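Student: Here are the chains, one letter per residue:
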Amino acid sequence: MSDKDSSVVLPANEVVSNSIVARFDGEVNSDTREGYEGYIVNANMLPEVASVLKDELGYDYLSSVTGVDYIDEDHIEVVYHADQTTGGKGINIKVQLDRENPVVPTLVPIYPGADFQEREVFDMYGVHFDGHPNLRRILMWDGFHGYPLRKDWQEAYYEEDVKPFDSRWPGGDFKRSEADNPYGKNVNYPPGFDINNWAPETDDSLYESLQKTTSNGKSLHTDSIVVNIGPQHPSTHGVFRMVVALDGETITDLQPVMGYLHRNHEKIGERNTFLQNMPYTDRLDYLCSMSNNFGYALAVEKLMGVDVPERAQYIRVLMAELTRISNHMWAIGFLLNDLGAFQTPALYAIRARELILDVFEATAGSRMMCNYMRFGGLARDFPDKLRGEDTVQFITDLVENRLPKAIDELDHFLTENEIVRSRCIGVGVLPPEKAIAYSAGGPLLRASGVSYDLRTADSYGIYDRFDFDVCTRSNGDVYDRYLIRVDEMRESTRICQQVMRDIPGEGEIFSGKPQYNVRVPAGESYGRVENPKGELGYYVVSTGKTNPYRYHVRAPSFVNLTVLGELCKGHKVADAVVILGSIDIVLGEVDR
Amino acid sequence: MYGTGILKGMGVTIRHLVDSFVDDMRFLGQRYYSDSSMNIRQGTEGRGVFTVQYPDEKLPVPEQFRFIPFLLYENNEDGSTTDRCTSCGICAKVCPPQCIWIERSSDPDTGRPIPEPTNFYIDIDICMNCGYCAEYCPFDAIKMDHDYELASYNRTEAHIFDKARLDKPVEYYASIRPTDYLAEETARAEVIAKKAAKKAAAAAKKAAKKAAAEAN
Chain A
8 MSDKDSSVVL PANEVVSNSI VARFDGEVNS DTREGYEGYI VNANMLPEVA
58 SVLKDELGYD YLSSVTGVDY IDEDHIEVVY HADQTTGGKG INIKVQLDRE
108 NPVVPTLVPI YPGADFQERE VFDMYGVHFD GHPNLRRILM WDGFHGYPLR
158 KDWQEAYYEE DVKPFDSRWP GGDFKRSEAD NPYGKNVNYP PGFDINNWAP
208 ETDDSLYESL QKTTSNGKSL HTDSIVVNIG PQHPSTHGVF RMVVALDGET
258 ITDLQPVMGY LHRNHEKIGE RNTFLQNMPY TDRLDYLCSM SNNFGYALAV
308 EKLMGVDVPE RAQYIRVLMA ELTRISNHMW AIGFLLNDLG AFQTPALYAI
358 RARELILDVF EATAGSRMMC NYMRFGGLAR DFPDKLRGED TVQFITDLVE
408 NRLPKAIDEL DHFLTENEIV RSRCIGVGVL PPEKAIAYSA GGPLLRASGV
458 SYDLRTADSY GIYDRFDFDV CTRSNGDVYD RYLIRVDEMR ESTRICQQVM
508 RDIPGEGEIF SGKPQYNVRV PAGESYGRVE NPKGELGYYV VSTGKTNPYR
558 YHVRAPSFVN LTVLGELCKG HKVADAVVIL GSIDIVLGEV DR
Chain B
3 MYGTGILKGM GVTIRHLVDS FVDDMRFLGQ RYYSDSSMNI RQGTEGRGVF
53 TVQYPDEKLP VPEQFRFIPF LLYENNEDGS TTDRCTSCGI CAKVCPPQCI
103 WIERSSDPDT GRPIPEPTNF YIDIDICMNC GYCAEYCPFD AIKMDHDYEL
153 ASYNRTEAHI FDKARLDKPV EYYASIRPTD YLAEETARAE VIAKKAAKKA
203 AAAAKKAAKK AAAEAN
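These protein sequence lines map, in sequence, to chains A and B. Each residue of the first sequence is one higher than the last, beginning at 8 in the numbering used here. Each residue of the second sequence is one higher than the last, beginning at 3 in the numbering used here.
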């Protein structure tokens, strides 16, 4: 991290400040709390302010929407992060709401990408978004009572507010959590609830909300039917459900249903100490644990203001780029699975990934749950030997010869394959304006021709030292999303080659003394990286203690799903499977 | 042109089929169950069949591989053992899923704590193999193991490791992580040497002072 990035409080952008603070006199104020930045907006003025940001100031990309429950100040804050797709620092605006009756106007008409994220805030904090087209719970089930991320909500196995728990030491009174099995007691019932006269919630309202007919009116008079694809279905890459309304075999509407893997990652994160969250980030997008670590380390380092040694910086970039290659290999392999070529292409695609995992295993100690980065550096340096070879030689050979060869092989077999071409070209087209509006990220956005990549747009780490291109494709269909992944893998090998060329032979990999329980200065920070799937952001609020007060993950897979329904309309059922495959989701991250 | 994709794909399959026969001839029936051939099969020059015949064959794990912690004890010359653990509780505090329970010993007469654990539990169903306990232990008393074959028939009891199940000798640690062990021993020796040097210097200074006083 260079010096300028590590400053805790960034100077407010004058242009923005002049145009919105002055124009909305008294309605918009700069956030002057210690360690905070951005603007506090009065709730009723939010849509106007957002329009000005989007239309006049060029903040056309809504990155994240989240909430924070400041229970002591008795308000809930909704935090919006917006960016310019032309690059540069983002901006955040906040709305402070009454805890008892939090109501805020929706931003969906201005930024359609706010749809799922607003639903998540509604689900987790009970904030009512006035005018939202489909304000239902998204991660919890419809009958769930309570708002899990509010500070006064407690989970079933609740022990204490924050870790470490007192029972662990020095008393050591061991007991299995299962021993006080909360079955039947593990949910809160609303007052007056009678379980004997209760009928389970059905999905009828969901089914009814779907649009049942195509608009052109030319179709045969077929019955409109609703089909559930999933939650247990190989094409959904996990437990995920697509509720599809069909006219014949044509999709007229599609609603994703998720949350089957919801474990309240963010609540766990607020119980954890800062350091304890690091291995949990591995479990978000479990194919990309290295770059998940990277984003979280950046967010906390911003608050702590620590520097990362030179060698550690290089290794971080190397690991993040190797992760990108392995993720894209996986994505391409399983896209072919979704096309009906079961397993054979997938296994060929992930063969080279195995070598990358060997590097991770020998260095970090685990193939997928790496837990490799620390605040201020890395856990450990490269080992001397890797698979019996000198490590540096092994990695150099990997990025110079073997990975490029593997990528070429994929390219050779798939790019001109007639089945791939006929199934992918022209399917699921996402125009650039729509991609930006729906906050699509990563390959999904760049395949539509928008050259937006955080590695250059808001550079972090030492990415500014490397020579690489941000790849774009122009058609925005499934085929282009496949091609962009091949392109990006090639660019990643280029970066890796430069890393192996420039990396200092030896040096520190951690700055300062390793501490097991760090105290982080009070303030907020939004640390983000360009993950293989899109923008991964961590919104962390510290109150100066050893635990984060708020820990939010802006998960790229989750936000990318917002546009899924739009992409699938008018296509056949089989195409929906391919379109989902081309978005490349991991449910560990979608559901959190 | 239609059909080329299929031909290309079949070509790959045939190449691998042929490679597997080439492999057979190369190893003369010794393809499986021999370390030397496995190194070649799994190495960069490997062609043909990659498959490892688990559990008869196992891939060697790298030194840094981590799976479930264990506790270290030293074998003394007189046959007794000494725990390295002082029950300071850092591992229990840093543990992200809080799966470590430590019961600290205390003197039965005075009730004051003594630096060794009475019992030590790890619930391996909860352990997430992050390795923090090993990383932050100031006494090198808890380390991550390489033994990943922990399946059992009874999860409610067999998956709670108590101190007896966790204890392993330092020699075992030295055998699975030779580099780490060497580095730690060197660092420890340095610290001891430094302490001894400091002590010697202090003693010398004292002696000099005494001598000076006597001279006066």
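The hints are simulated quantities; they were obtained by calculation from the structure and are not laboratory data. Check before you lean on any hint, since a few could be wrong.
To be verified - Facing chain B, a subset of chain A residues (Cβ under 8 Å, in silico):
id	residue
1	Phe172
2	Asp173
3	Pro316
4	Ala369
5	Phe517
6	Ser518
7	Lys520
Here the structure is a predicted model, which is why all the values come from computation and not from measurement. Glycine is no exception: its CB is placed at the ideal position from the N, C-alpha and C atoms.
Student: The structure should be examined with respect to each hint, and the outcome stated for every one.
Tutor: The hints, checked one at a time:
1. Here the hint on Phe172(A) is kept, as its CB sits about 5 Å from the closest CB of chain B, short of 8 Å.
2. Taking 8 Å as the C-beta cut-off, the interface hint given for Asp173(A) is violated, the closest approach to chain B being about 10 Å.
3. With its C-beta approaching chain B no nearer than about 18 Å, Pro316(A) sits outside the 8 Å limit, and its interface hint is violated.
4. For Ala369(A), the shortest C-beta to C-beta distance to chain B is roughly 4 Å, which falls under 8 Å, so the interface hint holds.
5. A hinted interface residue such as Phe517(A) counts as satisfied when its beta carbon comes closer than 8 Å to some beta carbon of chain B; here the least separation is about 11 Å, so the hint is violated.
6. Given hint, Ser518(A) at the interface with chain B, is violated; its Cβ is 16 Å from that chain's nearest Cβ, farther than 8 Å.
7. Given hint, Lys520(A) at the interface with chain B, is violated; its Cβ is 11 Å from that chain's nearest Cβ, farther than 8 Å.
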